[in-house]
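Residue numbers (my numbering), protein chains in the order written: chain G, 1094 to 1471; chain P, 2 to 424; chain B, 17 to 255; chain D, 122 to 399; chain A, 274 to 566.
FYI, nobody ran anything at the bench for these hints, they're computed from the structure.
Take the hints with a grain of salt, since some may be wrong.
With a straight-line Cα cutoff of 35 Å, these simulated DSBU-like cross-link-like pairs (lysine-lysine) come out [what the hints assert, rightly or not]:
no., chain 1, residue 1, chain 2, residue 2
1, P, Lys144, D, Lys224
2, B, Lys90, B, Lys217
3, A, Lys402, P, Lys144
4, G, Lys1247, A, Lys402
5, B, Lys79, A, Lys458
Here chain G is said to cover these stretches of chain P; the calculated rule only asks that three of the stretch's residues, wherever they fall, bring their Cβ under 8 Å from a Cβ of chain G [claimed, not checked]:
no., region
6, 34–44
7, 170–178
So, partial list: chain D residues that the calculated Cβ filter (under 10 Å) puts toward chain B [to be verified]:
no., residue
8, Asn161
9, Gly164
10, Lys165
11, Glu186
12, Met252
13, Asn253
14, Ala256
15, Gly257
16, Phe259
17, Tyr299
18, Gly300
19, Asn328
20, His356
21, Met357
Owing to the predicted nature of the structure, the values given are computational and were not obtained by experimental measurement.
Where a beta carbon is used, it is the ideal one built from N, C-alpha and C, also for glycine.
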Amino acid sequence: TSDSSTDGDQPASGDNVIKIGVFEPVTGENGGGGFQEVLGIRYAHQLTNTVEIGGEEYTIELVEVDNKSDRTEAVTVASNLVAQNVSAIIGSYGSGVSIAAGPTYEEAQIPAVAPSATNPQVTLGNEYYFRVCFLDPFQGEVMANYAFQDGLTKAAVITQLGDDYSSGLGNFFLKAFEELGGEIVSEQQFQTGDTDFKAILANVKNAEPDVIFAPSSVATAPLLIKQARELGIEAKIMAGDTWENQAIIDNAGADAEGVALSTFFDENDTSSPLAGEFVTGFKEFLNGNDEYLNKNGGDGVAAVSALGFDAYNVVVEAIKVAQSSDSVAIKDALKGLSLDGVTGSISFDENGDAKKDMAYIKIIQDGKFMFDKTVKTQ
Amino acid sequence: MRVKNPKHTWYSILLALVILAATIYLEFNRSKYGMAVSVIQKSLIFAVVAVAMNLLNGFTGLFSLGQAGFMAIGAYATAMLTIPVERMEAVYYMSGVVPWLMSLKRALSVLPEPVLIIIAMLIGGMIAGLFAFLIGIPVLRLKSDYLAIATLGFAEIVRGIISAPQLDQFTNGSYGLKNIPGFGSNSLSFMPDGFGVLLVPLFASTILIGFIVLVINSSYGRAFKAIREDEIAAEAMGINLLKHKQMSFVLSSFVTAIAGGMLAMFMRSIEPRAFSTIITYDILLIVVIGGLGSITGSVLGAFVVTFAKDWFLRFFDVPLIIGGFQVPFLRIGFRMVIFSILLMVVVLFYRRGLMGNSEFTWHGFFNLFRRRLKRPEVMAETSGGSMSPIIIAPGRDQAPAPLIPDPPGGEPEEEADEEAADE
Amino acid sequence: MSLLEVRDLRVSYGGIEALKGVSFDVEEGQIITLIGANGAGKSTTLKAISGLVKSNAGTILYKGEEIQNIDSQKVVEKGIALVPEGRRVFANLSVKENLLIGAYLRKNKVEIESDLANVYSLFPRLEERHWQSAGTLSGGEQQMLAVGRGLMAKPSVLMMDEPSLGLAPQLVRDIFTIIERINDMGVTVLLIEQNANAALKIADKAYVLVTGEMVKSGPGQELLNDPQIRDAYLGVTNK
Amino acid sequence: MNNIVLQVNDLTMQFGGVVAVNNLTMEIRQGEIVALIGPNGAGKTTAFNAITGVYLPTNGEVRLEDEVIQAGYPQGKMKKLYAGENNGKYGEIVDWTPDKITKRGIARTFQNIRLFKNLSVFDNVLIAHHMNMKAGLFRAAFRLNHAEETAMRQDTWELLKMVHLDDVALERANNLPYGKQRHLEIARALATQPKLLLLDEPAAGMNPQETDALSDFIREIKKKFNLTILVIEHHMNLVMDLSDRIYVIDFGKLIAHGTPEDVQNDPAVITAYLGVDA
Amino acid sequence: MGSTYLLQQLLTGISLGGAYALIAVGYSMVYGILMLINFAHADIFMMAGYFMIFSFAAMPWPVAIVVVILGTILLGVTIEKVAYKPLRSAPRMSIMISAIGMSYLLQNLATYLFSALPQAYPAIPGLKKLIKLGDLNSSMVTFVTPIITIILVVLLMMLLKRTKIGMAMRAVSKDYDTAKLMGIKINQIISLTFVIGSALAAIGSILYFTDRMSVTPFSGTLLGLKCFVAAVLGGIGSVPGAVIGGFIIGITETTLIAMGYSTFSSAFTFLILIIILMVRPTGLLGETLTEKV
Ligand SMILES: Nc1ncnc2c1ncn2[C@@H]1O[C@H](COP(=O)(O)OP(=O)(O)OP(=O)(O)O)[C@@H](O)[C@H]1O
Ligand SMILES: Nc1ncnc2c1ncn2[C@@H]1O[C@H](COP(=O)(O)OP(=O)(O)OP(=O)(O)O)[C@@H](O)[C@H]1O
Ligand SMILES: [Mg+2]
Ligand SMILES: [Mg+2]
């Protein structure tokens, strides 16, 4: 056996190449969101594809692999990246695959930066895993606060059985909501791959909640929303960051109106010039490629794209600081890094999690994700 | 009986040495060949499961699709027992751990890690074996596809129970388990720094597969084959159907669960979704591609399928631009399309799998080069219902006319080789 | 021109050549029998005519038209039916359905009904059990059904492969009478029998097959008295 | 005379409305060759199946050397439906599985040959020795029962030689000529070391020549293995030539029994089964 | 717990059961004839969903429906010709792997072509009309599904039981060669089976997706498994069995969720299957195959 996997990937330009692995799902359950994250990374790469180390210019090369949202696959895919001598890794959409790949990266001593994986387990106890987004406990708390402040005191929680993101976020919400003094009137689970939620929703309807918190994948979201409305459920529907995807609006149409979610970024938030610049540029980038436009579901800017963008820049910045393509050096650089990203300022705590204390709440209005407010926790 | 060619024995020893040497080489250069190492690990694990499945499907004629469930049992048992005690709280971050599990783990933590891992796997295997025994009593009476769907149902039940939030403190439900020691875990070998990533699974797989091979070549293996060929006749030969089916089922489940434990060590983190029906189909695929009723086929199949799916076909996912021209179709997702097509092509053209139902022999190997394999066109298997992997011609005899005396002996079948090897 | 002419027919299974150039003629309205030991290639010959196995070489002419290697189902459409070796009844269909499916290609419902009644009168057991699924019939009952099903096709040539297999002595005799009766009705019969004695008695012409080759032929009675044939196929204790 | 090996008492087998065997009583003594004949569908094969444990008798019992191996009385739906005789005479259910009955000493062949088609002739016979294995799975797997295994193989060879199949020992069973397949089926049954051998139409599909040879073969193995044999056959030559006694059934009921001469001339048998020579 | 709630759940169960039944029948028919678990059936169903999305955009809906049904039939028959027909004489397992391969292929192709993101299923006028009965909310399709299911299945059963074609189908299922000897065109019969199975999948997909409103490449996966279970539970090969199985699974699943066991609904479904198989080893209406010894 020879290390043939690197063959053919050699770039045209000389020897000075530094490789960054992109570890994302592009197919499988989370293929949709994963691709949006990849788009952000690709855009960032398009803007910054060289880096100077010790006075020499290095070309940055992206090595993209598809982890198919599948944990078993993830380990091999992770080894694949390691074998290709990447200096750092960006990914992945979906915490599960990130957790699965974690030990591989840790052993290979290659730092990984997760753009949007929100599960605490991703970075916990893994020195090499970082992330630029906030965490589920935070997100759950944010949504619970948001709901409770709106005077919604009875909540139903619907989660996906066997899915750590969905169950975890649901659970954090549940705890926070009860702590606030709210009442959980119904807890329902569904199977991965289920497409019929009427029975669950009939239970929910019967419990008469004010709000339904249903963190789940993009594929199930429109089904849940439409079926709930068809059954005549009028409660507010809320979810987490994954729902910020145009496909949900396209699918659920009018029924999606009023759905609220927390996210990492808002393209209409004009307070940061950096973000504004990114949004304009990224839209142009999308519009220049039909496939991108099509798969992104229009030229809306998803938060995961922004996070992908930030994650890339964080890595590049760390390389600059480290002045080396050595992965351990990059890891060390990451630890002390501080950078203004399009999703806010980024620096890491002892777990490798970005210190972020603010989330954006968006509401679907007139077929668009409209910024409602930002929520900070105490 | 054919006398065994002593040359061939030497070839076999040579082959084993070459494999061992290659493994050791890879082992020492594991960081350079990370991808190869990981694909080989996975292939080895799937080879074990495939062989165990073949024992049931190919040798005993029991169409079982419960593999995912037994792997899950093994993986969870191994994981729960081997996650370092001090990491448990962090892993069960959502609901905490049941006290008795913690006490058990504390009690077990006096054991050195390698011993603990082996014990954990054996426990996983035994739990799976026990489950197999219990569900086997009612389920093994079912015929072909009914058995398949019942065992598949069992696997789904296992998965459902593991992911149930009610058991969060025990299985950590949806949140999965992580921090499982890997094959290269430092304490697993006397060598430092992750040594053993390949050698450990290689030895484990060899032992497990070897054990199944021994069983198949024993009198019990013959009884299993008899059941596969004709249950009623087997019973008339004094073979207790239920007992022998049970044996095969329990043994297969035991081995499958141990392989599940190995998978947990390979993945380092597991979750219920990793053990869905798809994994069973993948294994079935390996078994059939390799050849139903052929152990070497299953091993070969595991390597071929895993290498193809996880490695060789990967370039189909990478957009390729040659001289400014974007090669059409090549983009992410294309690999799986190609994989599916290749799969179909293999099945359509090697309808009995790569190895048919015969084992690898040097004799056959060299013959491969001497003459091109001729595939006789044989008539449709008419009953349609037979599970037998072999094409059975409807005519009731295929012998020369008895007016001419029977030719003495004749060229023995490949089976005979196996026979000779027995003694 | 004979109704059915087989010329130099060769068939092999994998590497084994089962028929090594078999030729014979079937005249319209006659009873022809093929005799030969186990594995001589008798069944293979009938299967080749039916299109169930492909021939490597040779021609089969039916009414002057080449029919070798056409689809079985087309052969049946031309009016050549086969009562296959080993019964091969449709186990999941009832006895009556098995008989009706024998008449699958026929359209005239009235005629089918009367033929059904006819088969029932030949084998009263079948009428008695018309509801029973064929798979649970006894061996002999299945054999009756297979023969009955062949009759239902109302073919111009009826090929029967060991129709008396597993039948009780009385029925064995009946079967040969039935064959003669069918023949009287104008159906050409091509018959294979282990009970060569009885077959030769009713046959207009007989052919002897040895390991895939025709070695002898002649009128049934003539072969019946051929000492060589007696020794090889008819048994000594046979009356 | 000799000891009774097989005793069948009031055996009745009913499927739905069909009474396949009706109140059959027969006995077979040590060393006899007994034939069971009757028209098609008379219930012969069904009787075999009830004796060997494939079916549970609807009513009646089967004893092997005075031990009850099968016994039944109408239960469930059959309580109402039962159309056989002697209802209420038996009150015990004994339902040995076929393998247990084989171990106890009854071996059989099948009307439609049931060999392990894809295994070698040798293995077909070797498998029959498996039931007497003492070693468990682990001992057998690790060849700790070497002596036992060797003995099994030795016995198999000897048996194959005795039945003249040693020259085709390594052939796949399916490749044997039809006649040899029948022989192999018998050999395989013999390997279970039966006291009683049941043969279901062993001569079906054989020409008169081969049938004669089979006759000799059966006599030969009977002697060599000290067997008692019950045979179903429609070839009257074979039956008359071979059997000591004959039972004749029609519609499941015994209509005659006795020596070949008695039966041959019994008018009931002639009308129901033999018919008159044309 | 109001009576509307119970009614609502009952309606959900029956409607879900109806959709399951239609797909289960497809499984059962193909199995009945080829002894093949047509793993690709659920994916044919999924593809029918995409067909509708595209044809609806391009033509008036009544035409679109016809086009979808024809397209699905074409797909089903093509799959049979490409993936199964060449394997007529191959061991059963090979055909099954071919079916799994086809299923993978369709899923991967759909992912490759249409992405993994859900696509909105068009609202077919009339079917999507919302019906309000007091507090009970439902769209027309919920009521229509079980009715259409029953009608189609009755027609199908008449075809199978009453016609020569039905008899031929059952004959082909047991023995290709002998069926040929009866003059049955077996390829035609098998194709016909796929035509019927695919047409049912197409109609099923219209009803199902109209009610659930979006399609992904994996829409068929879990559904397919459940429907296959339904077919087995009813006795695979038996059309009325599949229908009964479909309704049983749909209704029990709903009941379990209604009772608050949503976590275990799938596990219970399988448990029921296993229990039923214990009592009736060939399913509720399956032929009890007594092998004549
Ligand atoms: N499907 C098959 N595959 C391989 N060989 C076959 C097959 N069918 C028949 N043969 C061989 O072809 C030869 C002729 O067989 P065939 O069945 O035609 O004989 P037959 O004369 O009908 O014998 P019988 O009296 O046993 O019916 C035999 O040697 C047989 O072994
Ligand atoms: N499972 C069953 N259901 C209904 N009827 C059955 C069943 N099994 C056997 N029979 C009937 O029982 C009767 C006896 O069958 P059996 O096979 O014992 O006959 P046999 O005496 O062996 O006849 P042959 O000489 O034709 O083999 C037959 O009429 C048969 O149709
Ligand atoms: Mg023949
Ligand atoms: Mg019989």
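Hint-by-hint comparison with the structure:
Taken as a hint, the Lys144 (chain P) and Lys224 (chain D) pair is honoured in the structure, with Cα atoms around 25 Å apart against an allowance of 35 Å. Our distance criterion of 35 Å between C-alpha atoms is met by Lys90 (chain B) and Lys217 (chain B), whose separation comes to about 32 Å. Pair hint Lys402 (chain A) plus Lys144 (chain P) does not hold up; C-alpha atoms about 46 Å apart against a cutoff of 35 Å. At most 35 Å may separate the alpha-carbon atoms for a hinted pair to count; Lys1247 (chain G) and Lys402 (chain A) meet this at roughly 31 Å.
Pair hint Lys79 (chain B) plus Lys458 (chain A) holds up; C-alpha atoms about 23 Å apart against a cutoff of 35 Å. Counting residues of the region 34–44 of chain P whose CB lies closer than 8 Å to any CB of chain G gives 8, which reaches the minimum of 3, so the coverage claim holds. With 4 residues having a beta carbon nearer than 8 Å to a beta carbon of chain G, the region 170–178 of chain P meets the requirement of three or more and the stated coverage holds. Restraint check, Asn161 (chain D) versus chain B: the minimum CB separation of about 3 Å is within 10 Å; hint holds.
Checking Gly164 (chain D) against chain B: minimum C-beta separation of about 8 Å stays under 10 Å; hint holds. Because the beta carbon of Lys165 (chain D) sits about 8 Å from the nearest beta carbon in chain B, less than 10 Å, this interface hint is met. Below 10 Å, beta-carbon pairs count as interface contacts, and Glu186 (chain D) has none with chain B, the closest being about 29 Å; its hint is therefore violated. Below 10 Å, beta-carbon pairs count as interface contacts, and Met252 (chain D) has none with chain B, the closest being about 28 Å; its hint is therefore violated.
Taking 10 Å as the C-beta cut-off, the interface hint given for Asn253 (chain D) is violated, the closest approach to chain B being about 32 Å. Of the supplied interface hints, the one on Ala256 (chain D) is violated, with its beta-carbon coming no nearer than about 39 Å to a beta-carbon of chain B, more than 10 Å. Given the 10 Å rule on beta carbons, the hint for Gly257 (chain D) is violated: about 38 Å separates it from the nearest Cβ of chain B. Taking 10 Å as the C-beta cut-off, the interface hint given for Phe259 (chain D) is violated, the closest approach to chain B being about 41 Å.
Given hint, Tyr299 (chain D) at the interface with chain B, holds; its Cβ is 5 Å from that chain's nearest Cβ, closer than 10 Å. Look at Gly300 (chain D): its Cβ gets to within about 6 Å of chain B, closer than 10 Å, so that hint holds up. Given hint, Asn328 (chain D) at the interface with chain B, holds; its Cβ is 5 Å from that chain's nearest Cβ, closer than 10 Å. Because the smallest distance between the Cβ of His356 (chain D) and any Cβ of chain B comes to about 8 Å, under 10 Å, the interface hint for this residue holds.
Annotation: interface hint on Met357 (chain D) holds; nearest CB of chain B at approximately 6 Å, less than 10 Å.
Taken one by one, the earlier hints fail for this structure at numbers 3, 11, 12, 13, 14, 15, 16, listed in ascending order.
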